[in-house]
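Student: Okay, here's what each chain looks like letter by letter:
Number of protein chains: 2
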Amino acid sequence: MKILITNDDGINAIGIKKLANSLKKLGNITIVAPDRERSATGHAITMHQPLRLEKVEYGDNIEAWSLNGTPSDCIKIAIEGILNEKPDIIVSGINNGPNLGTDVLYSGTVSAAIEGAIHNIPSIALSVYGKKRQINYEGAAVHSCNLINVALENNMPNNIVLNVNIPSLNSNEIKGVKITELGIRKYKNQFEERKDPMGKSYYWLSGSIIEIENNDISDVKCVENDYISITPLHFDLTDYDYIKKMKNWNINI
Amino acid sequence: MKILITNDDGINAIGIKKLANSLKKLGNITIVAPDRERSATGHAITMHQPLRLEKVEYGDNIEAWSLNGTPSDCIKIAIEGILNEKPDIIVSGINNGPNLGTDVLYSGTVSAAIEGAIHNIPSIALSVYGKKRQINYEGAAVHSCNLINVALENNMPNNIVLNVNIPSLNSNEIKGVKITELGIRKYKNQFEERKDPMGKSYYWLSGSIIEIENNDISDVKCVENDYISITPLHFDLTDYDYIKKMKNWNINI
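Protein sequence lines, in the order shown, are assigned to chains A and B.
Take 4 as the starting number for the first sequence in this note's numbering and just add one per residue.
Take 4 as the starting number for the second sequence in this note's numbering and just add one per residue.
Any given hint could turn out to be false.
One copy or two, it doesn't matter: identical chains are merged, so the pair holds either way.
Calculated pairs, EDC-like style, for lysine to aspartate or glutamate (alpha carbon to alpha carbon, straight line, at most 16 Å) [as the list claims (entries may be wrong)]:
1. K178 with D38
2. K191 with E83
3. K178 with E196
4. K198 with E57
5. K28 with E88
None of these hints come from the bench; they were simulated from the model.
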């Protein structure tokens, strides 16, 4: 099996190393990942500046490259510039922090997996949800192999993404796996104003989560309760229901 | 009416000036736009560097700000840091080039409008589709007012985006308006390798469109035929149909 791995925390992040080591037993691994943290880059791609690709030593039969681009750039250049054959599966992660609810839109981790699905390759995004700042990747690393096997055994379609969030726990502390819907994550955003040494203002975007009671079928509730959450994602934003309502609009010009 | 305008071509782009001048007659306009071109930034937000906000002279009762951030940053800082009240509508554009099919995922113009919908504000993305490099904004500027009025008269929901693509034509050459679905836009991506003066490789992402016959209900076909295309977009990526199929998966751990 040919496995392509990327992430948005950068090629030196702990999560991607744990993932690559865990997946080695499943097949041949190629890593193409950003040269530094590129989280919250959404589905950005780099069209207005040149890309630099560097081969990286990663040991043990893993071919690895770092790119000064976004996670989606990494998938594009891997498929269309580096690999001789399409990979059988793309795995993005393991992300340091959850990707739940509406937040998937901002996520470089999830967007890289969506880029894979656009290229008709089964793609999985893996993220760890922790209640504390210190992340435990052990459960995620152990269960990621099982989840990939289950997905492939069940012939997951090549145009969807499985968005997986795993509790920051040891593998034996995780209670199980649930299929979920994207829940609601709302932030009270704040733009904190500070002054630079020249007395000029600058702003930091910071947001604190607004506590919302999510329902039991949501990804948010699932990981809060120490279960692994799997949400299948599509990428067709057309609102077909609302198209029907718009038939009544008088839009002649 | 309070109108918030942004774009991804930057505050000095022709399209945003044409839009602001066209919408002035509808209400009070605030512009918060990137200080430079930020196209293809998708739904990226800026969390790892400080933001600089500058007041810009724009003339005639238009309050304008430039930000060294992405289009989505502009919407966030406008709503949560600049405006005293929520705007009645957000308009993003007029983009120099189309935003059709899967390309909406990469689009800063569309992502800014989605950010508006996440904040429960009716949001419209406007883009111009041209067969030639030189863009004619005349039709787009004239019809944008009508389209906004029609959307508000029909009480468009505050959690959807209208993705509007307008042919690069004079207003009287445009044949009409159609409600469409996102079509298919596939690219043959190429990473063109070049050598820098030190002899080291760098790559440019470039893509040429693969000609695909889209169906008549698609946004792509609509603008090709000189009609304005309106596609309602949602932002819930959950694949509810596939959730049903996953009920049969044996995912116990």
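Student: Under a CA distance limit of 16 Å, which applies to K191 and E83: within one copy, between copies, both, or neither?
Tutor: Intra 40 Å, inter 9 Å, cutoff 16 Å: inter-copy only.
Student: Given identical chains, is K178 near D38, meaning Cα to Cα at most 16 Å, within a copy, between copies, both, or neither?
Tutor: Classified as neither: same-chain Cα gap 35 Å, cross-chain 48 Å, threshold 16 Å.
Student: Within a copy, between copies, both or neither: which one fits K198 and E57 at a CA-CA cutoff of 16 Å?
Tutor: Between copies, since 14 Å is at most 16 Å while 38 Å is not.
Student: Evaluate K28 and E88 at a C-alpha cut-off of 16 Å and name the case that applies: within, between, both or neither.
Tutor: Answer is neither: 20 Å inside a copy and 56 Å across each miss the 16 Å cutoff.
Student: Classify it for me, K178 with E196: is the Cα-Cα distance of at most 16 Å met within a copy, between copies, both or neither?
Tutor: Neither way: K178 and E196 sit 43 Å apart in one copy and 49 Å across, limit 16 Å.
Checked against the numbered hints above, the structure violates hints 1, 3 and 5; every other hint is satisfied.
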